[in-house]
Structure formats: structure tokens, C-alpha cells
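K.L.:
Residues per chain, in single letters:
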Amino acid sequence: MTNEQPAAARPQDTTPVSAEASVVTAGRSGNPISWVRRLLSAAARWETLLLAILAVVVYEGMQISPYFLQLDFWNSPNFGASVSGTMEVAIMALAMTPIIITGDIDLSVESMVGLSGAVLGVLWVAGLPLVVVIPIVLGVGVLGGLFNGLMVTRLGLPALVVTLGTLALYRGLANAVLGTSYVSNFPSELTTFGFGYVPGTAVPWTLLAFLILAVVFTAVMHLTWLGRQVFAVGKNKDAARYSGVRVASLRTALFAVSGLVAAFAGIVLASRYNSVRADNGTGLTLTVVLIVVLGGVDINGGKGTIPGVILAVFTLAALQSALRLAGVSSEYQNVAIGLLLIFSVITPQIARQFRVLVDRVRSGRHRPVRDPVPGEVVR
Amino acid sequence: MTEGVPVAAGERPEAASAPPPVALAGVSKRFAATQALADVSLDLLPGEIHGLVGENGAGKSTIVKLLAGIYQPDSGSVVLDGKPVLLHGPAHARSLGIAVVHQEPRLFPDLTVAENVFIGHSPSGRFGALDWREMRRAADEIFASLSVHLDSSAVVRGLSMADQQLIEIAKALSVEARVLVLDEPTASLSAHEVERLFDIVRQTRDRGVAVLFVSHRLEEVFELCDRATVLRDGRHIVTAPTAQLTAADLVRHMVGRSVSLFPRTAAKIGDVLLDVRNLTRLGAFRDISFSVRAGEIVGLAGLVGAGRTEVARVLFGLDRADAGQVLLDGKRVSFKSPSAALGAGIAYVPEDRHLDGLVSGFSIAENVTLPILPRLFPRLFTRRSRERSLAAGYSERLRIRSTGVDELVEALSGGNQQKVVIAKWLATNPRVLILDEPTRGVDIGAKVEVHRIISDLAAAGLGIILISSELPEVLAMSDRIIVLHEGVMSAEIPRAEASEERVMFAATGQFAEGPSSGE
Chain A
246 MTNEQPAAAR
256 PQDTTPVSAE
266 ASVVTAGRSG
276 NPISWVRRLL
286 SAAARWETLL
296 LAILAVVVYE
306 GMQISPYFLQ
316 LDFWNSPNFG
326 ASVSGTMEVA
336 IMALAMTPII
346 ITGDIDLSVE
356 SMVGLSGAVL
366 GVLWVAGLPL
376 VVVIPIVLGV
386 GVLGGLFNGL
396 MVTRLGLPAL
406 VVTLGTLALY
416 RGLANAVLGT
426 SYVSNFPSEL
436 TTFGFGYVPG
446 TAVPWTLLAF
456 LILAVVFTAV
466 MHLTWLGRQV
476 FAVGKNKDAA
486 RYSGVRVASL
496 RTALFAVSGL
506 VAAFAGIVLA
516 SRYNSVRADN
526 GTGLTLTVVL
536 IVVLGGVDIN
546 GGKGTIPGVI
556 LAVFTLAALQ
566 SALRLAGVSS
576 EYQNVAIGLL
586 LIFSVITPQI
596 ARQFRVLVDR
606 VRSGRHRPVR
616 DPVPGEVVR
Chain B
201 MTEGVPVAAG
211 ERPEAASAPP
221 PVALAGVSKR
231 FAATQALADV
241 SLDLLPGEIH
251 GLVGENGAGK
261 STIVKLLAGI
271 YQPDSGSVVL
281 DGKPVLLHGP
291 AHARSLGIAV
301 VHQEPRLFPD
311 LTVAENVFIG
321 HSPSGRFGAL
331 DWREMRRAAD
341 EIFASLSVHL
351 DSSAVVRGLS
361 MADQQLIEIA
371 KALSVEARVL
381 VLDEPTASLS
391 AHEVERLFDI
401 VRQTRDRGVA
411 VLFVSHRLEE
421 VFELCDRATV
431 LRDGRHIVTA
441 PTAQLTAADL
451 VRHMVGRSVS
461 LFPRTAAKIG
471 DVLLDVRNLT
481 RLGAFRDISF
491 SVRAGEIVGL
501 AGLVGAGRTE
511 VARVLFGLDR
521 ADAGQVLLDG
531 KRVSFKSPSA
541 ALGAGIAYVP
551 EDRHLDGLVS
561 GFSIAENVTL
571 PILPRLFPRL
581 FTRRSRERSL
591 AAGYSERLRI
601 RSTGVDELVE
611 ALSGGNQQKV
621 VIAKWLATNP
631 RVLILDEPTR
641 GVDIGAKVEV
651 HRIISDLAAA
661 GLGIILISSE
671 LPEVLAMSDR
681 IIVLHEGVMS
691 AEIPRAEASE
701 ERVMFAATGQ
711 FAEGPSSGE
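First to last, the sequence lines map onto chains A and B.
Position one of the first sequence corresponds to residue 246 (the working numbering), numbered consecutively onward.
Position one of the second sequence corresponds to residue 201 (the working numbering), numbered consecutively onward.
Treat the hints with care, as some may be off.
Which chain B residues face chain A? A few, computed with CB under 8 Å, are given here [unchecked claim]:
#1 555
#2 559
#3 577
#4 581
#5 585
#6 660
#7 661
Please keep in mind that the hints were generated in silico from the structure rather than gathered at the bench.
Cβ atoms here follow ideal geometry from the backbone N, Cα and C, with glycine treated the same way.
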């Protein structure tokens with residue numbers, strides 16, 4: 246918003262923050278106008294709206310059932326259980342976010358969950374210790390992600406098509422590795438990770454893992470130059486390349502990270518179910534993308550924040566829990582979640598159109614004549 | 201400066217008792233800061249090929265777009281059979297008998313030749329269904345009349361540029377055109393294909409169509425055109441029968457643009473920084489050799505499509521060379537990516553700052569530091585204060601006008617955006633700076649400032665390659681001028697011997713008859 250206010254109107258704006266008034270007269274760059282404006286623009290952010298939605302859902306949830314906020318992460322339809330039930334999806338959403346910000350997508354993550362689980366199961370059955378098995382499983386994830394990334398960047402294929410292919414490929418490999426059997430009876434180290442608490446706290450290990458990854462992703466994306474480069478690639482690939490950003494390597498690396506994280510999510514899922522089957526994780530990709538988009542990440546790339554995605558994780562979990570406690574059947578739960586997603590996509594669009602309208606009315610200018618496309622009938 | 205010779209009205213063929221089918225009467229057109237056309241009049245007569253020449257940016261394509269109905273004039277009008285008309289769009293212009301063939305064929309690659317010819321006015325039978333057989337028959341008839349052999353049921357994708365150009369012409373003729381406008385149709389054709397095209401254009405003229413032929417190849421204008429008009433800076437300079445003109449006349453009329461410039465300050469010229477030897481990239485340029493010394497500004501002149509940007513792209517690691525060498529400080533280099541070129545000290549200010557130069561949605565500070573992030577923050581974490589103070593330094597030095605370095609670049613004026621692009625590359629501390637059209641689309645004041653900056657940088661010991669389509673700019677700024685013509689070096693002119701005529705002669709491929717080539 247570029248609100249060009251007449252100079253006379255400014256003092257009124259700043260009266261509530263009288264302490265800052267002296268700064269105005271000093272006329273330095275940190276003046277309260279920009280401060281107020283920054284606050285306003287923060288209030289207009291999607292993350293703020295998401296936080297408000299979360300607050301409303303939590304409030305409603307508490308009205309529906311006193312158990313909503315009960316500190317129990319398992320075996321109950323409350324908020325906490327709902328959160329811990331979405332951890333593998335939440336973890337994958339963190340890695341999906343930078344990929345979508347650069348304008349790519351990774352549809353293969355759910356199959357990587359299946360493949361990593363299958364490898365985990367087979368190697369465990371073969372008698373290898375966990376300290377050997379888990380690095381191998383994570384390595385498989387990195388390789389799968391690298392394959393996606395190299396196909397996309399070196400061959401110039403669309404990520405949508407490549408990862409649609411590996412979505413089938415990795416699931417097929419999972420089936421080849423494990424067949425129709427399943428592996429169960431994992432050692433207690435793994436099952437404790439799956440549904441135990443961090444000693445002395447009420448925090449499940451998987452939630453802790455998610456929170457640590459969330460902090461890492463937030464820091465890298467928003468506080469380091471790697472994150473800056475990710476946004477630059479998403480906003481303008483050519484300008485980023487001209488600026489010396491190694492665009493292809495960066496995109497490839499993001500796919501590798503996504504593969505790694507998906508493999509880790511596979512371990513989380515296996516430990517939580519205490520069993521692996523070749524079809525582990527089927528259908529999770531769409532939920533991952535849903536969370537990312539709900540978190541305010543532009544599906545066309547260039548815009549989005551990790552905190553927004555983290556908020557979306559909790560909002561979705563709260564909504565599911567509240568609906569379940571209210572006795573809403575699962576079909577209608579899906580209706581509600583679908584509507585929320587559509588709402589999250591159209592809100593910025595409507596806001597943008599509104600802004601364009603305001604700008605047009607204000608400037609009273611006509612839109613420039615554009616070059617017609619060939620064959621177009623211009624009346 | 202040559203003053204415009206008035207339209208040679210008396211020299212028109214006397215048969216012109218009827219008004220010309222199409223004329224431009226005193227048209228002006230302005231785009232933001234640029235006056236693209238100022239009070240230009242032009243008449244196209246039936247049975248005549250009219251050549252339109254001028255430097256890059258003289259206003260040729262604006263005239264084409266006015267006739268095509270893509271632009272409407274700010275003042276003055278397009279006159280049809282003596283009556284002023286307002287062309288609402290390309291379809292309207294076409295329906296009035298004005299057919300335009302644009303420089304790049306704009307065809308539907310997945311449709312057949314016949315479908316492309318008749319797109320928008322396909323013959324149809326009952327119930328509006330397309331009559332495919334009739335369409336192919338009519339297309340074949342047009343191609344036969346042009347003595348062209350082209351399978352009308354073939355799909356366009358995969359056809360040569362020349363064939364696509366012919367389809368555009370057939371498309372133009374399929375509507376009983378009275379006026380045919382050809383915008384640099386030979387740019388991507390081989391010599392043989394050009395001859396075939398010329399035969400077709402002559403046939404079309406002999407059928408009584410008025411032809412406007414836009415070109416910057418002077419020899420073609422003399423070969424094909426009956427009359428020629430020269431534009432300069434959006435103004436009409438001269439119209440005369442080509443029989444009464446020489447190439448030297450045309451060049452003299454084309455050059456002499458008035459541009460305000462910052463005087464070049466002398467710099468101490470040092471050792472050779474960059475040495476380019478027989479650099480070749482197939483299909484773009486071949487055998488380019490030149491060197492750039494510290495403190496020297498080397499101008500790279502030539503017309504659009506001469507291969508200047510292509511040379512820069514290879515030097516910056518965006519494209520690979522097929523042959524030849526590049527030496528930096530005497531050591532052979534071959535960059536696989538812009539990041540490698542940047543690391544070695546070569547920076548490139550690209551031609552299109554919106555597409556390649558700036559990241560919109562990023563602030564001034566974020567744009568300036570983008571190429572140097574790993575160097576600026578070796579510990580991975582960015583620090584706003586460091587970034588902002590660095591950007592503020594450049595902002596002050598280049599006099600970037602903004603509300604502060606946190607302002608988004610898209611909010612700046614063109615000139616200030618260009619300064620942000622330059623700041624961004626200066627921040628990389630380059631030794632060789634390539635500037636591609638650094639003053640395009642910026643207003644006069646900013647232009648002078650950009651010239652001052654370039655001059656200062658040379659004085660500070662940078663080697664500079666300046667690519668510009670503005671002759672006065674190249675002449676005023678460069679210590680040496682390399683002229684390219686269709687991918688080949690046609691001249692290397694030292695500052696003392698450089699003149700607009702000489703550069704223009706070389707740029708239009710007339711190097712044999714250059715007026716003052718010291719042979």
C-alpha cells in the first residue's frame with residue numbers, strides 16, 4: 246500500500262506514539278510513519294490472518310470440548326494428538342516450501358516415504374543395526390531427491406512432470422523392495438521416538454524433531470543469504486543467474502533436501518506405526534502442498550515464509566481436532582479443509598485486485614495498449 | 201547538424217492524381233519520456249516500393265505499428281484514400297487492406313500452413329464449419345501466384361524462417377491487401393532467400409499494391425525500393441527517389457542525432473586486461489578480436505542483431521564460444537557460468553534491466569548485494585545493517601534518488617533503476633565492466649549521470665566495454681570503437697578517427713566505400 250497522505254494529515258497519525266514525535270521533527274529514516282506503516286503491513290499479512298484463524302479455531306475447540314487443549318498427544322482426538330498425527334506431513338512441508346518458492350514442486354515425497362520405510366524394514370529384517378540402517382535410509386532419500394533435481398535442472402524438464410514420474414517410480418521401487426509383506430517389531434529406540442515423550446516433558450520426540458527442523462528452516466530461509474538466493478530465484482530466475490547465483494545447483498540442492506526430509510518423514514511414520522508397508526505415506530503429497538499453500542506460499546513462486554507454513558500446520562491440526570470433537574464426519578471435515586484452502590488462495594488474489602482497482606481509480610489512467618497476440622480479434 | 205530536407209513533393213510520379221491509398225499526415229507519438237515520432241508525414245503510392253530507413257530507435261517500428269493498428273497516434277492521423285481513419289486494431293487495419301508482416305513471423309506453430317494463412321478469416325461452409333479443402337485450394341493458389349512451392353497442409357513448426365516469412369506474406373496477400381508493410385523481413389534470411397523474397401515483393405508491387413519496406417540494410421533499399429524515406433529521432437528527414445540518392449546521402453541523413461552528453465574525462469590507459477582472439481559462436485558472430493585496457497572504454501557499435509549482446513553473453517559466461525580464446529590478464533579463461541565470470545572480475549550490466557538486471561519485489565539494498573552475498577556474509581547469516589550501509593554508499597555515489605535503500609526497486613524511475621543495476625555490478629568490484637545499452641529508456645538527466653559514472657569508472661582503472669545503439673553516445677564515450685555488422689567485425693576505429701558517418705557505414709556493411717577510411 247502506498248498511501249500518499251498529505252503532510253497535514255501526518256501528525257494525527259503519530260499522536261498515539263507521542264514519544265516518537267521528536268523523531269519526526271528530526272526527520273531521520275527511522276520515523277514513526279514508516280514504523281506505523283510497517284505495523285499495518287504486518288497486520289495485513291497472511292500470517293497474521295492465519296494466527297487469527299488459529300485463535301478462533303482453538304477458542305471454538307475449547308467450547309466444543311474441555312479436552313481440546315488437554316496435554317495428551319496420543320489416543321485422543323484432541324489438539325495435541327492431532328498435531329502429533331501430522332508430524333511427518335509437517336516435516337515434509339518445511340522442505341517443500343523453498344521448492345515451491347523457487348517455482349518448482351516435488352510431488353514424489355509421499356513415495357519417498359514409502360521407499361525409505363521399505364528400505365528401513367528390509368535392512369532391519371536383514372539384521373543390520375539401526376545406526377547403520379538410518380544413514381542408509383537417509384542416503385536413499387538424498388539420492389532420490391538428487392535424481393529429481395538433476396532431471397529438472399540439467400535436462401530442463403518441468404518439476405511437475407519429473408516428480409510425477411518419480412512419484413510412480415519410487416512407489417514402484419518400494420513395492421519391489423518389500424513386496425506385499427510388512428515389517429513390524431522395530432526396536433524400542435525407534436518406537437520410543439515414534440510415540441514417546443522427551444524425558445521429563447510432555448513433548449513428543451517427533452514434535453521436538455519438527456520444531457528443531459522448523460527453527461533450522463526459518464533461520465536458513467529468512468536469515469541467511471542462501472534463503473535470499475532462494476527468493477531471488479523464485480522472483481526472477483534470469484536476474485538471479487545474471488547475478489551469479491548458481492540457480493541450477495541451488496534448485497538441485499533443494500530437491501536433495503526434500504528427498505532427505507521425506508526419507509526422515511518415512512522413518513517418523515514407520516516409528517509411529519511401528520510397522521512399514523510399501524504403501525506407507527500414500528496420499529500425503531497433497532496434504533503437504535495444502536499446508537504450504539495454506540501457509541501463504543505463492544504456488545507460482547517468489548513469496549512465502551516458513552513461519553506461515555508452521556502456523557498452517559497447527560491451524561490445520563486444530564481444525565481437524567475441533568471438527569472431530571464436534572462429531573463432524575470425515576467427509577465434512579474434508580469439505581471444511583477444502584474451503585479453508587480455497588479461501589487462503591483467493592484472499593490474496595482479491596486483495597491484489599482490490600489494490601489494482603484502487604490504484605486505477607486513483608490515477609484515473611487507462612491501461613496501456615498491449616501488443617495483440619497473433620490471430621487475436623481486436624474490436 | 202543537417203536540417204531536414206522537405207518532402208520532395210514534385211518528384212512523386214505524376215500519376216498520383218488520386219489520393220494515395222495510405223498516408224500518414226503529421227503523426228506524433230510519445231512513450232513516457234521518449235518522443236517516438238514527431239509530426240511525420242509519409243505517403244505510400246500504388247505500384248511503388250517505399251523504403252524506410254533510420255538508426256535504431258529512429259521511429260521505424262512505431263510507424264509500422266501505427267499502420268498495423270497496434271498504436272494510435274497522439275496527434276495527426278492515418279489517412280486512407282484521402283480520409284483520416286482511426287485504426288482500432290490489427291484486425292481493423294487488415295480489413296481496410298493494410299497487411300503487415302512483422303520482423304519475427306508470428307505464426308501458430310502447430311497449425312498447418314493453410315490454416316495460418318487464413319487464420320481469422322477462414323472460408324467456411326454450412327453451419328460455420330471450416331471448409332478445409334477450399335482453404336488449402338486458396339492457399340495453394342496464393343503460393344502459385346508467388347511461384348512458391350510450399351505444402352499447404354504441412355504443419356508450420358519445423359519450417360525455415362524464410363518459409364515462415366513467406367507464409368506471413370501469403371497471409372497478408374490473402375486479404376486483398378492494398379498496402380503491404382514489411383518490417384525488416386530480410387533480417388533472418390540467407391542471400392538466396394532474400395532474392396526470392398524480393399521477386400515476390402516486386403510482383404506484388406506490379407499488381408498495384410503499395411509496399412512499405414523497412415530495412416537497415418542500405419544495399420537492399422537501393423536494390424528494391426523506388427523511393428526512400430529517412431527518419432532520425434522520430435522526425436522525417438528526407439523522402440526522395442532512390443535513383444537520386446547515394447548510400448553516403450542516406451548515412452548522412454541517418455546520423456547526426458542530438459543527444460546531450462557528459463564530457464568524457466581522460467583516463468590513464470594501462471595494461472591490457474581483456475584480450476579477445478578470434479572468438480566465434482556459430483549463428484551469432486565469428487572471428488571477433490579486440491582487447492580492452494585498464495582505463496579504456498571500448499565501444500561496441502552496430503545495428504540491432506549485429507551480435508553485440510551475443511559477444512557480451514559469451515564473455516560473461518552465459519553462452520559458450522565455439523572457437524577462439526578469451527584472455528584475462530594474459531591467462532586463458534573460459535567461464536561456464538556468470539558466477540565464474542563474476543569471480544574472475546567481469547561484470548555485465550544486461551540490456552534488459554527488468555528481465556535480467558533487477559529482482560522486483562526486492563529492495564534496493566537486496567538487489568545491490570545479490571551478486572556478492574557469499575562474499576559479504578561469509579558466515580552465512582545476513583546482517584541488515586551491513587547490507588544497508590553498503591547499498592547506501594553506492595546510492596550516494598551514484599546519486600540514486602529514492603526514499604531509502606529499503607525501497608522496492610519497482611517503485612523507482614527507469615534512470616534510478618539503471619543506477620541500481622550499475623551499483624549492483626560495481627559492488628562486485630569488477631575489473632572489466634560490460635555495459636549493454638546502459639542509457640536505454642532513461643531520461644536525459646539520468647543519461648548524463650550514467651555517462652559521468654562510466655567515465656569515472658574508467659578513470660578508476662576499470663576496463664569498460666560499452667554496447668550502445670546511440671551513435672553519439674558511443675562516439676563521445678569510447679576510446680576505440682569496434683563495429684559489428686551481421687556478426688563480423690567490420691571496423692575498429694580509434695577515437696580520433698571516429699565519426700558518425702564512418703561508424704554507420706561500417707554498421708550497415710558498406711565498409712568498402714567508407715568516406716574517410718584512411719586507405
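K.L.:
Against this structure, judge whether each hint is valid.
P.N.:
Okay, the hints, checked on the actual structure:
no.: 1; hint: 555; in the structure: 6 Å, holds
no.: 2; hint: 559; in the structure: 5 Å, holds
no.: 3; hint: 577; in the structure: 5 Å, holds
no.: 4; hint: 581; in the structure: 5 Å, holds
no.: 5; hint: 585; in the structure: 12 Å, violated
no.: 6; hint: 660; in the structure: 22 Å, violated
no.: 7; hint: 661; in the structure: 22 Å, violated
Hint violations for this structure: numbers 5, 6 and 7, all remaining hints satisfied.
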